[in-house]
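*Asks:* Protein sequence lines, in the order shown, are assigned to chains A and B. End of the first sequence = 514 in the numbering used here, gap-free, step of one. End of the second sequence = 644 in the numbering used here, gap-free, step of one.
Hints are computed from structural coordinates only; laboratory data are not their basis. Just to be clear, a hint being listed does not mean it is correct.
Unchecked claim - Here are the simulated EDC-like pairs of lysine to aspartate or glutamate, each with C-alpha atoms no more than 16 Å apart in a straight line:
#1 Lys38/A - Glu74/A
#2 Lys200/A - Glu135/A
#3 Lys503/A - Glu189/A
#4 Lys183/A - Asp155/A
#5 Lys524/B - Glu331/A
#6 Lys609/B - Glu145/A
#7 Lys183/A - Glu159/A
#8 Lys609/B - Glu144/A
#9 Lys5/A - Asp35/A
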Amino acid sequence: MDLSKLGMTSAMLAAPLPARRAAATASQLLAACRDASKRGGRLVALWLADERDRERGFCLRVVLQDADGLVLLEHTMPDGDVQYPDLTPIFPAANRMQRAAFDLVGVPSDGDDQRPWLWLASWPIDQFPLRRDFEAKPNWQQGEEEYAFVRVEGDGVHEIPVGPVHAGIIEPGHFRFQVVGEKVLRLEERLGWVHKGIEKRFESMAIGDGHRLAGRVSGDSTVAYAWAYAQALEAIAATTVPPRAAWLRALLLERERIANHLGDLGYLGNDAGFAFGLAQFSRLKEDVLRTNLAAFGHRLLMDVIVPGGVDHDLAAEHRERMRAECATLEEQLRIVRDIFDEHAGLQDRFRNCGRVTPDLAHQLGLTGLAGRASGQARDLRCDFPVAPYAELAVRMVTATDGDVAARVAVRFDEIGESLRLVRAIVERLPDGECRAPVARAAAYETGLGMVEGWRGPVLLALTAGPDGTIRRCHPHDPSWANWPVLEHAIIDNIVPDFPLINKSFNLSYSGHDL
Amino acid sequence: MLHILRQIAKTGIRTERPPAADEDMVVVARLQEQVLRTLGRALTIRHVDAGSCNGCELEIHALGNPYYNIEGLGIRFVASPRHADVLLVTGPVSKHMAIALQRTYDATPEPKIVVAVGECGCTGVIFGEG
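Let's have the full structure, built from the sequences with the hints guiding it.
*Replies:* Written out as structure tokens, the structure reads:
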């Protein structure tokens with residue numbers, strides 16, 4: 001992104017992919033966002049930091065992505081009474097990020113929608129947990145919150161509230177449907193129930209330990225988050241990861257992708273009334289998790305990626321096991337995919353269900369797996385490959401139908417590609433060390449990490465504090481971009497199809513609520 | 515249809531024998547007897563995510579896969595706390611979920627058992643307390 005034509009000066013930013021940073025005035029911020037949007041760029045993340053103790057007021061940080069890489073725009077405001085420009089007209093996904101940023105740091109945008117987003121009356125509304133002078137009081141009582149849902153009125157319109165506790169083994173969140181008969185006119189989501197102060201918690205941790213918390217932002221993406229954290233820290237600590245460690249990290253990421261896609265395919269079958277699919281896929285997933293446990297000591301691969309490399313080398317016997325597993329899985333997938341494809345009842349539920357057209361996906365900034373199923377051809381492993389992906393030449397999977405069937409097809413094809421990658425990594429894994437010492441990160445340096453997790457790109461921005469502390473850490477899940485799109489995907493579908501459509505996106509609550 | 519039947523037949527029954535009670539558990543066998551007498555031979559569980567990272571949910575789901583086949587042991591996950599004997603709680607109990615969890619507990623009929631799952635549910639660990 002060429003910022004100089006907007007009169008801005010930019011500098012390199014520590015990150016494993018091309019990234020620059022620039023200070024921006026309010027009008028420059030708007031101009032840069034408009035320019036990025038016009039050229040097909042997207043908003044990745046937006047958050048606030050309290051820098052008053054360094055006499056820099058509050059800092060709004062906005063990360064944009066375009067074909068050239070990432071840009072971090074920093075807009076400084078002297079105090080909390082100043083507003084920053086609402087970015088929602090340019091990037092609709094900014095709406096919830098801005099509201100969440102206000103809930104946590106207390107600086108509003110100048111937009112119309114000032115409803116709280118993560119605030120659920122657990123702390124006083126004039127207290128902001130991510131301000132440096134915030135103190136939690138044990139005597140704060142849980143209050144009542146009246147959230148202003150948008151209502152649809154008219155003959156026969158009624159409202160169905162669902163959640164936060166759902167009738168299944170899933171995360172909590174609230175959905176408010178406005179329906180006529182069975183048809184959904186409007187869905188509004190209300191999230192925040194799994195908010196547990198992760199960003200605040202980071203600030204009391206040593207920078208060398210933060211990868212463990214990052215790995216618990218969203219358990220299903222623990223590898224992606226831990227890798228993104230490691231990337232950010234290694235970038236500001238001038239640490240080079242040994243080649244073997246880089247290859248093992250990719251192996252872990254692809255195994256995480258395979259396991260999650262297998263699980264989702266099973267539940268997508270099940271939600272369409274095809275229990276056979278769940279039985280088959282949950283069995284195949286269990287096999288993968290057991291291999292993970294044997295090879296790396298953890299079924300979900302938590303804490304295997306550490307700053308400087310990986311904590312667990314891969315033994316020769318497990319290489320063999322993975323190679324055999326790839327062959328078995330490929331054969332089993334071929335059989336079950338044929339069954340899925342030929343099953344009229346299943347296809348009837350999948351096709352034309354929860355459609356997000358490529359145009360709408362582009363407008364709303366749909367990202368990751370769901371984005372690729374709606375023609376948004378972006379995959380960090382192809383667009384900005386870090387080692388070893390450049391050598392592996394990942395084949396991006398896309399579809400254009402944008403319905404549940406497309407999201408199913410993308411999952412099938414991505415498992416196939418990940419199996420090819422696992423096999424290639426296991427065969428070509430370089431010898432050597434798998435962990436390097438990490439140097440001390442310079443105080444107040446900011447680094448970015450970004451990894452294409454199974455759900456989509458996971459961004460993590462890390463600012464070091466003095467003496468090996470964390471000053472600010474903002475992990476950003478692709479679910480931020482995709483939750484609002486789910487509200488559009490359900491329009492004109494029937495209520496009983498919501499679980500199926502929701503599952504086809506399978507977004508993270510924990511990764512979003514932080 | 516033939517493909518489905520062939521795949522089912524070829525896959526066979528994968529369910530493994532459930533593990534025997536742990537040595538340490540034998541000490542509390544009397545408690546177990548009491549529990550069994552009260553609850554009979556079926557157990558219904560209502561899961562509540564109280565701030566989990568969703569890792570525990572993945573593993574609770576895994577209990578239903580053909581290897582563990584938890585329903586085959588007479589243990590079922592139910593949709594309403596009113597149908598539950600056990601509340602299975604994951605996560606460090608975020609402030610935001612405290613009331614929802616309390617309401618779910620209140621809606622569960624007596625006798626009831628609460629089981630905290632995972633390190634976070636038991637101690638909060640990395641997320642800390644309060």
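*Asks:* Against each hint, give a clear statement of whether it holds in the structure.
*Replies:* A quick look at each hint next to the structure:
{"no.": "1", "hint": "Lys38/A - Glu74/A", "verdict": "20 Å, violated"}
{"no.": "2", "hint": "Lys200/A - Glu135/A", "verdict": "11 Å, holds"}
{"no.": "3", "hint": "Lys503/A - Glu189/A", "verdict": "15 Å, holds"}
{"no.": "4", "hint": "Lys183/A - Asp155/A", "verdict": "14 Å, holds"}
{"no.": "5", "hint": "Lys524/B - Glu331/A", "verdict": "13 Å, holds"}
{"no.": "6", "hint": "Lys609/B - Glu145/A", "verdict": "14 Å, holds"}
{"no.": "7", "hint": "Lys183/A - Glu159/A", "verdict": "11 Å, holds"}
{"no.": "8", "hint": "Lys609/B - Glu144/A", "verdict": "13 Å, holds"}
{"no.": "9", "hint": "Lys5/A - Asp35/A", "verdict": "10 Å, holds"}
Comparing the model with each numbered hint stated earlier shows that hint 1 is the single one that does not hold.
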